[in-house]
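K.L.:
Residues per chain are reported as follows:
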Amino acid sequence: GAGVSQSPRYKVAKRGQDVALRCDPISGHVSLFWYQQALGQGPEFLTYFQNEAQLDKSGLPSDRFFAERPEGSVSTLKIQRTQQEDSAVYLCASSLNSAGGKNEQFFGPGTRLTVL
Amino acid sequence: QQQVKQSPQSLIVQKGGISIINCAYENTAFDYFPWYQQFPGKGPALLIAIRPDVSEKKEGRFTISFNKSAKQFSLHIMDSQPGDSATYFCAASIQYNTDKLIFGTGTRLQVFP
Chain A
13 GAGVSQSPRY KVAKRGQDVA LRCDPISGHV SLFWYQQALG QGPEFLTYFQ NEAQLDKSGL
73 PSDRFFAERP EGSVSTLKIQ RTQQEDSAVY LCASSLNSAG GKNEQFFGPG TRLTVL
Chain B
172 QQQVKQSPQS LIVQKGGISI INCAYENTAF DYFPWYQQFP GKGPALLIAI RPDVSEKKEG
232 RFTISFNKSA KQFSLHIMDS QPGDSATYFC AASIQYNTDK LIFGTGTRLQ VFP
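Chains as they are written, first to last, in my numbering: chain A, 13 to 128; chain B, 172 to 284.
Excised from the complex, chain A in its bound form (with noise of 0.2 Å):
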């Protein structure tokens, strides 16, 4: 593929409601990493995965977020009973593998989530 894709683009939930955020990492690429950006911060790691292993979930800031990539690939972030503080840009990012060489991350457009 061209790139990264997210989707949504933009969502906007009520408080309270779940949702499912989607990433198409480009093909090929073995690690695959979920950040959170608030207005005008930079990105915060959320999780990590190495094919369909979650390897690092350290930064998921509640269980009420849950991340999933069941076959390698297209990867997940759901958000259940969302709150306001939920509320910012959610980015992924993928690299051809996670081995400590030189592993460039490619971030999609991310999607803008508000909790309303």
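Don't read these hints as lab results, they were simulated from the structure.
Be aware that one or more of the hints could be misleading.
If you want the footprint, here are the derived chain A segments under chain B, 3+ residues with CB under 8 Å [what the hints assert, rightly or not]:
# : region
1 : 39-52
2 : 119-126
For the chain B half of the interface with chain A, some residues (derived, Cβ under 10 Å), not all of them [claimed, not checked]:
# : residue
3 : Gly214
4 : Ala262
5 : Thr269
Keeping only pairs whose Cα atoms sit at most 25 Å apart, straight-line, the calculated BS3-like set for lysine-lysine is [said to hold, decoys possible]:
# : chain 1 : residue 1 : chain 2 : residue 2
6 : B       : Lys213    : A       : Lys23
7 : B       : Lys213    : A       : Lys90
8 : A       : Lys69     : B       : Lys176
Bear in mind that the values here come from a model prediction, so they are computed numbers and not experimental data.
Ideal placement from N, C-alpha and C gives every residue a C-beta, glycine not left out.
Following the hints, position chain B against chain A.
P.N.:
Below, chain B alone, put in the same frame as chain A:
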């Protein structure tokens, strides 16, 4: 210890001038220091990156200066152009680990003609 501190928060430069953005880190285990450029409504894009075994790296108009002893690194944009107007983020990671990036808070650069 995981923080990366970035300054200034915003920067206004005249066309043709030099833009300088500074970052500092605490964790000496960091071994990869990229700079990302982000335009409104877009995801960050890698601009240039450096490893701690070199003190400077130049790619076109963009230069990273790295001071390992001071735990600081900076981005210099020479001959700044209006098209450079964007938000710039420094970042750091540990490459033998998950490669997760720790980002600075960003610098909004405006270049006026």
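K.L.:
Now tell me if each hint is right for this structure.
P.N.:
Going through the hints against the structure:
no., hint, verdict
1, 39-52, "holds (count 4)"
2, 119-126, "holds (count 4)"
3, Gly214, "holds, 3 Å"
4, Ala262, "holds, 8 Å"
5, Thr269, "holds, 5 Å"
6, Lys213/B to Lys23/A, "holds, 16 Å"
7, Lys213/B to Lys90/A, "holds, 22 Å"
8, Lys69/A to Lys176/B, "holds, 23 Å"
Every hint from the earlier list agrees with this structure, and none is contradicted.
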